[in-house]
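> Starting from the given sequences, assemble the full structure and let the hints guide the process.
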Amino acid sequence: MTESQAAKPATKKKGKSKYDYSNGPPPLEINLTWCKACNICIALCPTQVFEPDSDGKPAIARAEDCTQCTICWTHCPDFAITSNYK
Amino acid sequence: MTESQAAKPATKKKGKSKYDYSNGPPPLEINLTWCKACNICIALCPTQVFEPDSDGKPAIARAEDCTQCTICWTHCPDFAITSNYK
Amino acid sequence: MVDTQRTLLLGNLAAVEGAIYAGMRFYAGYPITPSTEVAEGCSRELPKIGGRFIQMEDEISSIGAVVGASVSGMKAMTATSGPGFSLMQENIGYAYITETPCVVINVQRGGPSTGLPTKVSQSDTMQARWGPHGDYTAIVVAPSTVGDTVTETIRAFNLSERFRTPVVVLMDEIIGHQRELISLPKPGEHQVINRVKATVPPEEFQPFRLTANGVSPMAAYGEGYRTISTGLTHDPMGFTTNEPKEIKVKLDKLRNKIMDFRSEITKLRVEMMDDAEIAFVSYGSVSRAVLLAVALARSAGVKVGLVQLYTVWPFPDNKLRDYCQKCHKIIVPELNMGQIVHEIRRVMPPDTEIHSLQRYDGEILTPMQILEKLEEVM
Amino acid sequence: MVDTQRTLLLGNLAAVEGAIYAGMRFYAGYPITPSTEVAEGCSRELPKIGGRFIQMEDEISSIGAVVGASVSGMKAMTATSGPGFSLMQENIGYAYITETPCVVINVQRGGPSTGLPTKVSQSDTMQARWGPHGDYTAIVVAPSTVGDTVTETIRAFNLSERFRTPVVVLMDEIIGHQRELISLPKPGEHQVINRVKATVPPEEFQPFRLTANGVSPMAAYGEGYRTISTGLTHDPMGFTTNEPKEIKVKLDKLRNKIMDFRSEITKLRVEMMDDAEIAFVSYGSVSRAVLLAVALARSAGVKVGLVQLYTVWPFPDNKLRDYCQKCHKIIVPELNMGQIVHEIRRVMPPDTEIHSLQRYDGEILTPMQILEKLEEVM
Amino acid sequence: MEHKLLDKIEIPHDRFEIRLSGSGGQGMILGSVILAEAIGVDYSKNVVQTQSYGPEARGGASKADVVVSTNEIYYPKAMQLDMLLCMTQESMDRYYADLHKDGVLIVDSGLVKNVPTETYYALPFTKIAREEAGHVMVANVVALGAIAAFTGIVSKEDLIDAVLKRAPRGTEEKNRTAVEIGYAEAMKVKKDPSRRAGD
Amino acid sequence: MEHKLLDKIEIPHDRFEIRLSGSGGQGMILGSVILAEAIGVDYSKNVVQTQSYGPEARGGASKADVVVSTNEIYYPKAMQLDMLLCMTQESMDRYYADLHKDGVLIVDSGLVKNVPTETYYALPFTKIAREEAGHVMVANVVALGAIAAFTGIVSKEDLIDAVLKRAPRGTEEKNRTAVEIGYAEAMKVKKDPSRRAGD
Amino acid sequence: MATVEKTKSVEKQKSDVVLNYFRPRKKLPTVWCAGCGNGIVMSALIRAIDKLGYSKDEVAMVSGIGCTSRMPIYLDFSALHTTHGRALAFATGIKFAKPHMKVIVITGDGDCLAIGGNHFIHACRRNIDITAILINNHIYGMTGGQGSPTTPSGSISTTTPYGNVEKNFDPCKLAEAAGASFVARGTVYHTPQLEKAITKALDHNGFSLVEVISNCHTYYGRLNRRGDAVSMLNAFKENSVTTAKAKKLSPEEMEGKFLIGTLHEDDRTEFCDEYQKVVDAHMGEK
Amino acid sequence: MATVEKTKSVEKQKSDVVLNYFRPRKKLPTVWCAGCGNGIVMSALIRAIDKLGYSKDEVAMVSGIGCTSRMPIYLDFSALHTTHGRALAFATGIKFAKPHMKVIVITGDGDCLAIGGNHFIHACRRNIDITAILINNHIYGMTGGQGSPTTPSGSISTTTPYGNVEKNFDPCKLAEAAGASFVARGTVYHTPQLEKAITKALDHNGFSLVEVISNCHTYYGRLNRRGDAVSMLNAFKENSVTTAKAKKLSPEEMEGKFLIGTLHEDDRTEFCDEYQKVVDAHMGEK
Ligand SMILES: Cc1ncc(C[n+]2csc(CCOP(=O)(O)OP(=O)(O)O)c2C)c(N)n1
Ligand SMILES: Cc1ncc(C[n+]2csc(CCOP(=O)(O)OP(=O)(O)O)c2C)c(N)n1
Ligand code: SF4
Ligand code: SF4
Ligand code: SF4
Ligand code: SF4
Ligand code: SF4
Ligand code: SF4
Ligand SMILES: [Mg+2]
Ligand SMILES: [Mg+2]
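As you go down the protein sequences, you meet chains A, B, C, D, E, F, G and H in turn.
Taking our numbering, I'd label the letters of the first sequence as residues 3 to 88.
Taking our numbering, I'd label the letters of the second sequence as residues 3 to 88.
Taking our numbering, I'd label the letters of the third sequence as residues 3 to 380.
Taking our numbering, I'd label the letters of the fourth sequence as residues 3 to 380.
Taking our numbering, I'd label the letters of the fifth sequence as residues 28 to 226.
Taking our numbering, I'd label the letters of the sixth sequence as residues 28 to 226.
Taking our numbering, I'd label the letters of the seventh sequence as residues 1206 to 1491.
Taking our numbering, I'd label the letters of the eighth sequence as residues 1206 to 1491.
Don't read these hints as lab results, they were simulated from the structure.
Remember, it's a predicted structure, so these values are computed and weren't measured experimentally.
Check the hints yourself; a few may be wrong.
Said to hold, decoys possible - Listed next, the stretches of chain F that the computed footprint assigns to chain D, with coverage defined by at least 3 CB atoms under 8 Å from CB atoms of chain D: (1) 58–65; (2) 68–78.
Said to hold, decoys possible - With a straight-line cut-off of 16 Å between C-alpha atoms, the simulated EDC-like cross-links for lysine to aspartate or glutamate are: (3) Lys1261/G to Glu225/C; (4) Lys31/F to Glu377/D; (5) Lys250/D to Glu365/C; (6) Lys247/D to Asp353/C; (7) Lys1232/G to Glu225/C; (8) Lys50/D to Asp1485/H; (9) Lys1307/G to Glu225/C; (10) Lys50/C to Glu1490/G; (11) Lys1378/H to Asp1281/G; (12) Lys328/C to Glu365/C; (13) Lys321/C to Asp276/C; (14) Lys1307/G to Asp1281/G; (15) Lys1405/G to Asp1471/G; (16) Lys1231/H to Glu206/D; (17) Lys1219/H to Glu31/A; (18) Lys35/E to Glu374/C; (19) Lys328/D to Glu365/D; (20) Lys50/D to Glu1490/H; (21) Lys1232/H to Asp237/D; (22) Lys183/F to Asp69/F; (23) Lys50/C to Asp1485/G; (24) Lys305/D to Glu279/D; (25) Lys199/C to Asp237/C; (26) Lys104/E to Glu225/C; (27) Lys1405/G to Asp1255/G; (28) Lys1231/H to Asp1281/H.
Glycine included, every Cβ here is placed at the ideal spot set by N, Cα and C.
Here it is as structure tokens:
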């Protein structure tokens, strides 16, 4: 895989990310030990990337929609989200 | 003596008081026990009514010049001056 | 206010109930764990009875406002814990010298400094006596149960009004944060003492006059007596003085008005001391563990008893000596590194063995630990 | 700084000279009579040696800034008197628990409260031991002359750095406001102790590690060790803890690091005690009157001596017992209503007669009054 | 160590000590208060309630104790629990050691999976609350109902009165139902020894 | 009262105690500091200087003491004055009682009118300062010169050195003159017993 | 003669009104230095109180520690001479306990703004009906001339021997930002205006501050070569500008001058009044 | 693959930069409630520090007592977790002793403005180069929801059960009036702006304040029916207006809204710098 393949912006579609994660790691890493299930990331993500799991913690449900907008991880009060791309 | 005689404004003269103290009590009463000889009254009197005595305390030297302007007694920090007229 | 039937009451709220019963109508304070519920309770209850609650900007101003309210005529109190109590020391000293009645509740937690905000301790015992600078004499009472807290708070106000002096109620996290089912006292059930008011004509009034019982009548604001209270050493008129003789008179007054009436002020609970050979002496929440330990030891035939100090300061020298005269051993369990034990050493005859039982890790002494100590000492 | 030839020095400025000699380069304070000249002296002298003086907004922030400067690596002090000392108690407690070296000078005046700003007293003696809430152990030294003030201030800094703890210098208005001709110590004349610095690699460093001598090496800011100091009870890493075992370890450390080295800390002046039957025990300025009284009494053939406490706290139990073992009577002159006398009662064998000689009217005890007491006791 | 004195002493059974434990949001403290008030309707009983304070109380482990006695309660803290309710695995692990060997253990079987004994009562309080009482918030009240049934320390009627006194306006029925269901489910388990453990 | 011990004791004469007294603005404190420094040039002498603090120091009565001894000075405060300077009537009235019966009394004869003894030295220090030394402010220095002459506790030269060390720049000559005049005038009085009292 | 007697006493009233307000049995003169501005403020304050016609019993006077703070000792009101910096805290207790009293706080720049700064901003914030008279002499007088939070940058004090490196507060600006609803400044030179400012402040319902620029010639004056009381008073005259006049001046013309007059006034609700509403709403509840 | 690895780590840097700043051996998660704004501020602060490129050794972090004040415990800087309200006093000692260090104070609305109000205004007055991050959640979180000096009038807290009768401070206005030379406000909703405001504050020489409007849903939110963390964050979005936008709004449109952005900036001289001049002028004198 070359640099250009990983996380390349795809064609712009409304509600769709310009990144293509199909060949790379998931858009984000979530540290479930630190996450306290506050729901902020889930609620604030503009493209509804997350669904709550049974503990109320974020599960990446629509990776392809992640635009790497930074909103979830700059708002996570428990430093539980890191991006693999930005 | 009638009211009108006591402390009647005389004809206005520059540097002269409109009061005539010749028949009444002196324009001001000075409590020398409280006075601390700060010099404020002596210095601030616009018509130089006072001269310092040997202790530096105010002596009424030119009673006739007192215009009852209130300056000396509103500035006396030791409540040592009261007016007999105003 | 909750009604007088049996109610499950938090220790900190028992202090509120006791205070209101005693006539407290003014509270100023600053929140701090584990005393906060006292403030919260007052903020809820006082408006309902026309009283006044104010949350101040810190503890220094809290005791300041309390003194202000008291000199102007109200019964007033504040509550705090270690860090806040340290901050109050200067103004508590002001209340001593101006002979202003008021009550300061210290719900003790572990120290020093921020220490252990949610854990129990009795480590402010010496501070309650010696915290402010200068010479004065302190009255300090210490409840051990939720029920006690009601009655000791009433007593604190009574002593405060009777002797014109601040009184400290030394509670602790265990008492403050436990709930007990208790019946609140009915009106008239306890005596309520009010300060002696000025009656002489204002021009004759001396706000700090020496009297037979050492306590000067006090005038409220707005009643024709316009007095001055100052933290500078003063004469009977309240006027500042630098005269050695007048200074001595004032300081003697502060001591004698209390020490001459020590027996009226000191209060002890005495359990199974008649034939006791070994005595426990304790105060505050730890007394309850001691009570159980004593009961258990008695059941095993050990001649042991308890003297519980409801008044910690002034220290009840004589009463304690009397009750313990047959004891050759005294065990002093405290939730600190050994504080009141030094007083007991000072007071008791030289041939009495004094044992200090200390716990200072944030936990309460258990009856078992107390029994272990008893066994060790026996 | 004045040069080392004989110079007429005000007591309060002697404290400045001693402190600078000991390496003090940071002063934060708030003016208060009769300590103000300490601040004024520092404001003049420190810039000349690259040190720092700041007048803070109050006493609470003064001791706060001092602790801040100390943890970051400087030797720092403040000076105050009764009311300000009361206000400092909370943050002195913070210095105890965070084991921060610093020196607090209390130039005592009459209390309680604003009391007697320009008059002498020794009534903060107990407060210096028990003022802050919680359990801790205090080191308190007390000079009696202008010369002493230099050396005791140096000693205070040395003890503070040696034991990582705040040290209180208990002066009083007489010492602070008298001038004496003294020779300032030359460089090297007195030992100057500096805190033991961290040397292990940062990742191994434990800022509150238990060591053989109870004292943990300390890291300054900006030197690769990034530690945390907290007023919450903490473990050897400085991390807050609620674990009973860790709590006990911390509190024991605060006590043992001092009490295990008590003999190194306590210092006494012993005069004519070899064959003394009656001893005076005193501290601070009153000791000078006692010295004269003892000399005069000796001249009249009375076997009397003096033990002067340069270290008031920790109380020198053993040394005092040793020196006074042949004395059946001890007289304790104090400029208060009787404070340290209780400690002496606690320490001395039961058959020793202890007499308290008190003066608390703003004046110093005169040699004649001391002799009168001696005569009364004899 | 040999204890001449201690070995002679037995803690008398004039006390009944109950602990409710779980996590911060499960209402253990309120539960203990209600329980204490319900028990206290009987004037012959003295009751002391204590609880854990501090950071734990805000999210982590939470515990609340109720000590009941017909005599003066000298020592206010629990010494050996006669009954322990565990609503989380963490509280189970932490407090089991405090339970008297003959004490009653009650667990939320939906949340507590490992129980270090075989004699205990298990009911899925949270699940019951959600599914049968209308809201997961009343799981503590369901548990109170069960405690009444298992221990008999308080009557169902007194418990319901106490619960209703504390219930926010509008939630009265939900709360009454919660007690009833908890009580009923517990009675079933109690009567059916085969259901004493597991779920 | 009978004092077995006290009657036996006599305070040894190894101390010389000096008090300068007057009103707030007369520079008594500075005077005592200069005097102490001048005396201290002699390394065999110990010197302690004390003064009154407080509101008095700001305008009313003011006093400053210097205790001199060749031995260690145990007690720093004056007990029985060997010399008393009074620059106001008030200070005269207040401090005369503290003077030893054989002590030296020196008064500003321009300001102190009633002296309760006949044996004392009188010189109009303030007048001398104004008229002969150029400024009323140096009256204290004139008095220091006189003290040196009357008591011999310090040499004129050491005194001048000490005065000059403390003199504000530009006032050196005025101050030197003040010492000289005070010293000279005192010497005249001292030599002429008929002038010891009165003025 | 009778007529003269009467006239005399009537006419004399304004200048000797202060004599009616001295605390019985307390001896004068005051402890203050000759010429200290504190006495000038005291007499303006008394005239204002007299003009407003308060009975002596309805006035409480509270102070902290400092030269300034000695004032209540001399006056025939209920008085609390408290600890350094804490006057407003004690005063809050009095006012809240006795809302019908007029509570006046006398305080110095050190007392009010150094150690007492927190109580100051909080009294402003609460807008509790207390009138604070802050006598700003730019120094700690009582303790002998140390720098205060109003000592101008560059000025000498005994703790700023090389010139003050700190900035100074503008107490009026601070009070307004903290929430005070009446703020005025006067000087001991401008006695009629001072009397008026104090009158307005006392009459205002809410927290009111009157900052009075005053002279401590003994320390501030001496250390900074500002001469005696008279020179300092005259300097206040020269360096002050009324709010009205200031509008016509350019920033350059205002350089080195300070404003006098009413600087801020609003009608925010008062603390005790608001609390009373809570009591009225909940009184008698169980 | 190598290329990807590298790219990944480079790109990841900004989101995981905070991980590089945790105090070694200190365990996470934090003590804070789920969703507490404190963590959001902490991560913005770290990004700002990282961006400015300070070495860890040159940063000192000081706090008082409160939920907020626990922050320095988690971060790998020299840290002082002091007594309640006193952080700025201790910080002043550190900064003055070590003027080359970047001193950051983390404080809550109670810590900074109630008990600590005096140190706050004096730090502003001195204009000492400290950056104070004031996390304003309008309540005392740590002690369980009592009113603070920023609790809005009318709001419920455990000590204002009938609605707060007091007025609240505007900390930014107060700081400016007291003399702070940089003042900004942000919220935990506006994370990029917050990071920028903190960066500017840190970069400023002089006292800088960043007030951060934050959520204590556990107490303030619950007692005042403001919902959970998410609803409170969203409310911050709706109720805030940037300084730029505010210029275009009428007073009516601004009603109930608060400003965010840089509110004040000036270049007054800094305290330590000024003191250094005194040292330079007098060093070595006798
Ligand atoms: C707690 C405390 N700290 C310090 C002092 C000492 N002190 C007394 S008055 C004062 C300053 C007074 O200055 P200011 O308020 O300006 O009043 P002024 O004397 O100038 O009128 C100080 C620092 C004190 N009495 N108490
Ligand atoms: C001297 C003192 N008084 C009171 C307290 C109790 N206390 C701890 S934190 C706090 C308030 C915290 O509020 P804030 O600063 O707003 O921080 P938050 O918890 O909201 O982040 C209080 C009153 C204390 N620790 N010390
Ligand atoms: S980076 Fe933005 S789009 Fe991607 S998950 Fe986070 S909030 Fe959603
Ligand atoms: S914002 Fe963070 S803590 Fe909150 S749910 Fe998302 S990952 Fe978990
Ligand atoms: S009233 Fe006026 S004119 Fe008369 S003496 Fe006083 S100042 Fe002079
Ligand atoms: S103003 Fe007053 S005190 Fe001053 S000199 Fe005149 S009368 Fe005397
Ligand atoms: S020292 Fe200053 S403020 Fe104090 S009385 Fe004298 S002139 Fe007034
Ligand atoms: S109580 Fe409030 S401030 Fe504290 S951690 Fe929880 S949400 Fe945050
Ligand atoms: Mg001043
Ligand atoms: Mg907050």
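> Taking 16 Å as the top limit, are the C-alpha atoms of Lys250/D and Glu365/C close enough?
Answer holds: Lys250/D to Glu365/C is near 10 Å, not above 16 Å.
> Tell me whether the statement that chain D covers the stretch 58–65 of chain F is true, taking a Cβ distance below 8 Å and needing three residues at minimum.
holds (count 3)
> With a cut-off of 16 Å on the C-alpha distance, tell me whether Lys1232/H and Asp237/D pass.
holds, 14 Å
> For the pair supplied as a hint, Lys1231/H and Asp1281/H, is the alpha-carbon distance within the 16 Å limit?
Judged against 16 Å, a Cα distance of about 9 Å means the pair holds.
> Can you confirm whether the C-alpha distance between Lys1307/G and Glu225/C stays at or below 16 Å?
holds, 14 Å
> Between Lys50/D and Glu1490/H, does the CA-CA distance stay at or below 16 Å?
With Cα atoms ~5 Å apart, Lys50/D and Glu1490/H stay inside 16 Å; holds.
> For the pair we were handed, Lys1405/G and Asp1255/G, check the Cα-Cα distance against 16 Å.
holds, 13 Å
> Check the hint pairing Lys321/C with Asp276/C against an upper bound of 16 Å on the C-alpha distance.
The given pair, whose Cα atoms are some 14 Å apart, holds under the 16 Å limit.
> For the pair we were handed, Lys1405/G and Asp1471/G, check the Cα-Cα distance against 16 Å.
holds, 13 Å
> Holds or violated: Lys199/C and Asp237/C, Cα atoms, limit 16 Å.
Distance ~19 Å between Lys199/C and Asp237/C Cα, so the pair is violated.
> So if I understand the rule, the pair passes when the alpha-carbon distance is 16 Å or less; does Lys50/C with Asp1485/G pass?
Holds. Lys50/C to Asp1485/G sits at ~9 Å (cutoff 16 Å).
> Are the Cα positions of Lys328/D and Glu365/D separated by 16 Å at most?
Given that 16 Å is the threshold and the Cα spacing comes to 32 Å, the pair is violated.
Checked against the numbered hints above, the structure violates hints 6, 7, 11, 12, 19, 25 and 26; every other hint is satisfied.
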